[in-house]
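With the sequence shown counted from 1, adding 462 to any position gets you our numbering.
Please note that a few of the clues may not be correct.
With a straight-line cut-off of 20 Å between C-alpha atoms, the simulated SDA-like cross-links for lysine to any residue are [to be verified]:
(1) K522 - D557
(2) K522 - L501
(3) K509 - I530
(4) K522 - D572
(5) K509 - I491
(6) K509 - D557
(7) K509 - T526
(8) K522 - V532
(9) K522 - T533
(10) K509 - P539
(11) K509 - E490
(12) K509 - D572
Restraint ranges, calculated between C-beta atoms of paired labels, are given here [what the hints assert, rightly or not]:
(13) T533 - Q559: 26 to 34 Å
(14) D537 - E558: 54 to 62 Å
(15) S553 - S507: 37 to 45 Å
(16) Q559 - E513: 22 to 30 Å
(17) G529 - Q580: 21 to 29 Å
These are computed hints drawn from the structure, not numbers from a lab. Using N, Cα and C, we set each Cβ at its ideal position, and we do this for glycine too.
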Amino acid sequence: MRRDRTAGVVMLAGVLAALAACGRKGPEIPTREVVTPLLQQEADSLKGDGERLDPVLLVKATWTIEGIDVTERPDDPDRPWAGAIRFRIRSVMRDEQGVVTTDEFQRRFDYLYTLSLQRWVFQLAPSPAP
Numbered sequence: 463m464r465r466d467r468t469a470g471v472v473m474l475a476g477v478l479a480a481l482a483a484c485g486r487k488g489p490e491i492p493t494r495e496v497v498t499p500l501l502q503q504e505a506d507s508l509k510g511d512g513e514r515l516d517p518v519l520l521v522k523a524t525w526t527i528e529g530i531d532v533t534e535r536p537d538d539p540d541r542p543w544a545g546a547i548r549f550r551i552r553s554v555m556r557d558e559q560g561v562v563t564t565d566e567f568q569r570r571f572d573y574l575y576t577l578s579l580q581r582w583v584f585q586l587a588p589s590p591a592p
């Protein structure tokens with residue numbers, strides 16, 4: 463009886479040691495097909511916020527999504543994807559005299575997909591060198 467109990471304890475210890483040696487596997491890295499629609503949602507949100515008319519400024523802006531780029535970052539396990547949203551923005555402003563001023567420019571927003579948060583995180587542009 464004692465021999466059976468000792469053998470059971472030794473087998474259990476061996477199984478636990480083998481499981482511990484395998485290590486804990488981190489979360490699964492999502493595919494490009496999974497993260498790209500999430501970045502598209504970010505772009506749609508930016509577009510909606512940017513086109514919201516401010517009645518005080520009398521500026522109407524049209525944000526056109528020119529492109530969404532997703533690139534792999536194989537050397538960063540927590541941030542496996544980098545993304546960029548490119549817009550062409552056209553603003554039309556009418557002053558008190560009725561004169562219309564139109565301006566058009568491009569804007570780029572950079573993101574990193576953070577695995578620990580399971581979402582895209584906006585990246586600030588680096589500061590220019592002094």
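Going through the hints against the structure:
1. K522 - D557: holds, 12 Å
2. K522 - L501: violated, 25 Å
3. K509 - I530: holds, 13 Å
4. K522 - D572: Measuring from Cα to Cα gives roughly 24 Å; hence the hint is violated.
5. K509 - I491: Cα-Cα ~28 Å, so violated.
6. K509 - D557: violated, 24 Å
7. K509 - T526: Measuring from Cα to Cα gives roughly 8 Å; hence the hint holds.
8. K522 - V532: violated, 30 Å
9. K522 - T533: violated, 33 Å
10. K509 - P539: violated, 30 Å
11. K509 - E490: violated, 31 Å
12. K509 - D572: holds, 15 Å
13. T533 - Q559: 26 to 34 Å: The hint (26 to 34 Å, Cβ to Cβ) is violated, given that T533 and Q559 are roughly 48 Å apart.
14. D537 - E558: 54 to 62 Å: holds, 55 Å
15. S553 - S507: 37 to 45 Å: violated, 19 Å
16. Q559 - E513: 22 to 30 Å: With a Cβ separation near 25 Å, Q559 and E513 satisfy 22 to 30 Å, so the hint holds.
17. G529 - Q580: 21 to 29 Å: holds, 24 Å
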